[in-house]
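Sequence lines, in order, name chains G and U.
Residue 257 is where the first sequence starts when you use the numbering used here, and the numbers rise one by one after that.
Residue 257 is where the second sequence starts when you use the numbering used here, and the numbers rise one by one after that.
These are calculated hints, taken from the structure and not from any lab test.
Ideal Cβ positions, reconstructed from N, Cα and C, are used throughout, including at glycine.
A couple of the hints might just be wrong.
What the hints assert, rightly or not - With a straight-line cut-off of 30 Å between C-alpha atoms, the simulated DSSO-like cross-links for lysine-lysine are:
no., chain 1, residue 1, chain 2, residue 2
1, U, 406, G, 546
2, G, 487, U, 425
3, U, 426, G, 425
4, G, 380, U, 406
5, U, 426, G, 546
6, G, 551, U, 406
7, G, 381, U, 546
8, G, 406, U, 380
9, U, 303, U, 355
10, U, 303, G, 542
11, G, 406, U, 465
12, U, 380, G, 426
13, U, 426, G, 531
14, G, 531, U, 425
15, G, 465, G, 278
16, U, 330, G, 530
17, G, 542, U, 542
18, U, 355, G, 426
19, U, 487, G, 425
20, G, 380, U, 487
21, U, 487, U, 406
22, U, 425, G, 530
23, U, 546, G, 406
Said to hold, decoys possible - From the structure, some residues in chain G lie toward chain U, with a derived Cβ separation under 7 Å:
no., residue
24, 400
25, 402
26, 413
27, 414
28, 418
29, 421
30, 502
31, 538
There are 2 protein chains.
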Amino acid sequence: MYAGIDIGGTFIKAVITNSEGKMFANGKTRTPETSDGINDAVIGLLKGLTERLDSRVSALRAIGIGAAGAIDGKKGVIITSPNIQAWHNYPLARIIEKKTGVRVFLENDATAAIIGEWWIGHGKKFRNWVMLTLGTGIGGGAIIDNRVYKGQSGSSVEVGHLTIDYRGKKCRCGNTGCLEQYASATALVDLTKSMLRGKNNSSLMARIKEEPLTARMIYEETVKGDALARKALEEISFYLGIGIAGLVNIFNPEAVVIGGGLSKAHRFIFPIVKKVVEERALPGLKDNVKYLATKNEDKTPAMGAAKVGIDSSEL
Amino acid sequence: MYAGIDIGGTFIKAVITNSEGKMFANGKTRTPETSDGINDAVIGLLKGLTERLDSRVSALRAIGIGAAGAIDGKKGVIITSPNIQAWHNYPLARIIEKKTGVRVFLENDATAAIIGEWWIGHGKKFRNWVMLTLGTGIGGGAIIDNRVYKGQSGSSVEVGHLTIDYRGKKCRCGNTGCLEQYASATALVDLTKSMLRGKNNSSLMARIKEEPLTARMIYEETVKGDALARKALEEISFYLGIGIAGLVNIFNPEAVVIGGGLSKAHRFIFPIVKKVVEERALPGLKDNVKYLATKNEDKTPAMGAAKVGIDSSEL
Numbered sequence: 257m258y259a260g261i262d263i264g265g266t267f268i269k270a271v272i273t274n275s276e277g278k279m280f281a282n283g284k285t286r287t288p289e290t291s292d293g294i295n296d297a298v299i300g301l302l303k304g305l306t307e308r309l310d311s312r313v314s315a316l317r318a319i320g321i322g323a324a325g326a327i328d329g330k331k332g333v334i335i336t337s338p339n340i341q342a343w344h345n346y347p348l349a350r351i352i353e354k355k356t357g358v359r360v361f362l363e364n365d366a367t368a369a370i371i372g373e374w375w376i377g378h379g380k381k382f383r384n385w386v387m388l389t390l391g392t393g394i395g396g397g398a399i400i401d402n403r404v405y406k407g408q409s410g411s412s413v414e415v416g417h418l419t420i421d422y423r424g425k426k427c428r429c430g431n432t433g434c435l436e437q438y439a440s441a442t443a444l445v446d447l448t449k450s451m452l453r454g455k456n457n458s459s460l461m462a463r464i465k466e467e468p469l470t471a472r473m474i475y476e477e478t479v480k481g482d483a484l485a486r487k488a489l490e491e492i493s494f495y496l497g498i499g500i501a502g503l504v505n506i507f508n509p510e511a512v513v514i515g516g517g518l519s520k521a522h523r524f525i526f527p528i529v530k531k532v533v534e535e536r537a538l539p540g541l542k543d544n545v546k547y548l549a550t551k552n553e554d555k556t557p558a559m560g561a562a563k564v565g566i567d568s569s570e571l
Numbered sequence: 257m258y259a260g261i262d263i264g265g266t267f268i269k270a271v272i273t274n275s276e277g278k279m280f281a282n283g284k285t286r287t288p289e290t291s292d293g294i295n296d297a298v299i300g301l302l303k304g305l306t307e308r309l310d311s312r313v314s315a316l317r318a319i320g321i322g323a324a325g326a327i328d329g330k331k332g333v334i335i336t337s338p339n340i341q342a343w344h345n346y347p348l349a350r351i352i353e354k355k356t357g358v359r360v361f362l363e364n365d366a367t368a369a370i371i372g373e374w375w376i377g378h379g380k381k382f383r384n385w386v387m388l389t390l391g392t393g394i395g396g397g398a399i400i401d402n403r404v405y406k407g408q409s410g411s412s413v414e415v416g417h418l419t420i421d422y423r424g425k426k427c428r429c430g431n432t433g434c435l436e437q438y439a440s441a442t443a444l445v446d447l448t449k450s451m452l453r454g455k456n457n458s459s460l461m462a463r464i465k466e467e468p469l470t471a472r473m474i475y476e477e478t479v480k481g482d483a484l485a486r487k488a489l490e491e492i493s494f495y496l497g498i499g500i501a502g503l504v505n506i507f508n509p510e511a512v513v514i515g516g517g518l519s520k521a522h523r524f525i526f527p528i529v530k531k532v533v534e535e536r537a538l539p540g541l542k543d544n545v546k547y548l549a550t551k552n553e554d555k556t557p558a559m560g561a562a563k564v565g566i567d568s569s570e571l
């Protein structure tokens with residue numbers, strides 16, 4: 257038995273699986289705001305899931321964790337993370353190892369997501385394909401010749417930081433005009449807020465009186481037919497299309513898969529993305545690309561993290 | 257004995273080599289404006305070089321040709337080419353085969369350039385690296401795990417068509433804001449022309465009275481200390497840096513190699529590119545990148561084309 261944990265900006269998701277990808281249990285909880293809170297939440301999830309299987313945490317053979325940010329996988333250290341300020345040279349793997357007595361392996365969350373998709377999702381059908389995870393930021397990954405591309409230092413395909421407007425919006429990474437400033441869930445919320453200013457004909461107006469605006473809320477109101485919500489979702493899909501056209505021109509992939517919270521909105525996103533790629537990418541490279549959304553956002557990235565644990569513990 | 261031909265917008269370059277990369281002869285000629293003219297020039301080069309070696313064209317085991325544009329390598333057809341209008345679904349390989357009696361294999365010129373660099377240039381030192389060819393347009397290629405990345409249909413890493421400004425300059429590919437509209441030799445000439453308007457303090461003024469402005473001329477005057485020429489070269493290097501920062505964020509490569517005519521100006525280009533990548537690419541991905549110019553622009557791309565012929569004729 258192995259555990260996989262996907263620590264996102266909003267939820268922590270966990271699975272228990274065997275080495276063949278048979279999932280025995282899964283669960284999730286809201287992401288606490290402090291690093292100690294996150295550690296406790298991870299342990300709590302692992303205890304709950306193993307108990308449900310009449311087992312215990314120490315019976316796990318390895319734990320894999322996917323987390324947003326710059327990761328030193330060899331050392332098990334989070335160098336920096338956009339979501340959690342306290343994660344600065346933070347030895348997350350060692351800390352969870354001490355609390356559980358189980359070996360822990362750490363990976364970038366977008367890399368864990370594509371490993372999950374490659375292992376138990378759409379990836380079985382293709383040899384060369386790319387994935388974008390649409391969440392607080394935009395992560396990415398590429399499978400080349402049926403293997404995860406890692407680059408020289410273990411990080412790659414940071415598509416969220418492709419420049420789409422070199423004089424554009426300032427990004428927290430230091431660059432200007434990064435794709436994730438235009439097409440992430442965060443960008444969708446910011447854009448919608450600015451569109452709502454001075455308006456009162458959107459169903460979102462009533463909802464934001466009760467709780468803060470979220471990307472999920474914008475998606476839900478789009479489904480219900482709210483025109484402003486849909487317009488916002490379609491505008492960020494346009495920018496996403498520009499980034500994906502870039503990936504298509506670079507990788508000439510068999511498929512583009514989207515994951516992350518926003519991927520639920522794929523039926524509104526993909527028609528715009530396909531139109532932009534058709535208009536902007538090169539003939540020959542754009543012609544046979546399949547566009548797919550991850551099948552199970554609640555499980556696949558955590559399963560990918562588990563796969564990192566499985567493969568790393570066998571080395 | 258094998259031949260390699262590199263058909264560029266300005267010159268056609270040819271080499272004769274053995275299968276181990278030992279070059280016996282090389283030569284070049286100006287690129288004619290018609291497809292028939294190009295065919296005759298290719299045959300002329302092959303005759304001249306083989307005669308110099310006391311041999312003949314029909315003694316060649318294979319001919320590899322690199323040409324700009326969308327190439328169907330399997331059929332030996334140029335689908336479209338930016339440089340030669342008449343090359344539209346043009347069966348160049350079959351035509352040269354008929355004229356020579358030797359098997360001919362066709363490849364995109366940027367792909368041929370990176371194959372040459374991988375075979376006899378800087379590529380021996382790295383496993384994961386990228387190349388940009390700076391000429392009339394900007395081509396590109398990636399070596400991943402010591403193999404040329406080809407994508408699903410044989411074309412990839414079209415870095416010249418990465419969008420750096422989604423509302424920017426119109427590109428002949430249909431997209432707006434493509435890197436090659438800002439950082440190719442063509443872009444350098446256009447930028448310099450606009451900077452020269454109304455000026456009379458540049459040494460380029462005297463030269464353009466005698467012949468049309470070229471990128472080579474701008475490079476030569478930069479070397480001689482002309483401030484305007486240098487300013488233009490540095491401005492396109494800034495845009496090139498934005499594109500290379502994107503490649504660094506995607507590939508996390510060990511090295512970035514530049515080829516093509518403009519690569520001669522590497523000592524003016526790279527300081528700006530390095531500064532832009534340092535400012536704009538992500539920590540961890542940009543940290544250990546080497547920047548190199550191709551060693552022999554007159555031979556390496558043609559040698560890469562020869563290697564395509566060598567490998568394809570062995571299949």
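* Any hints this thing doesn't respect? Which numbers, in order? -> 7, 10, 11, 12, 15, 18, 20, 21 and 25
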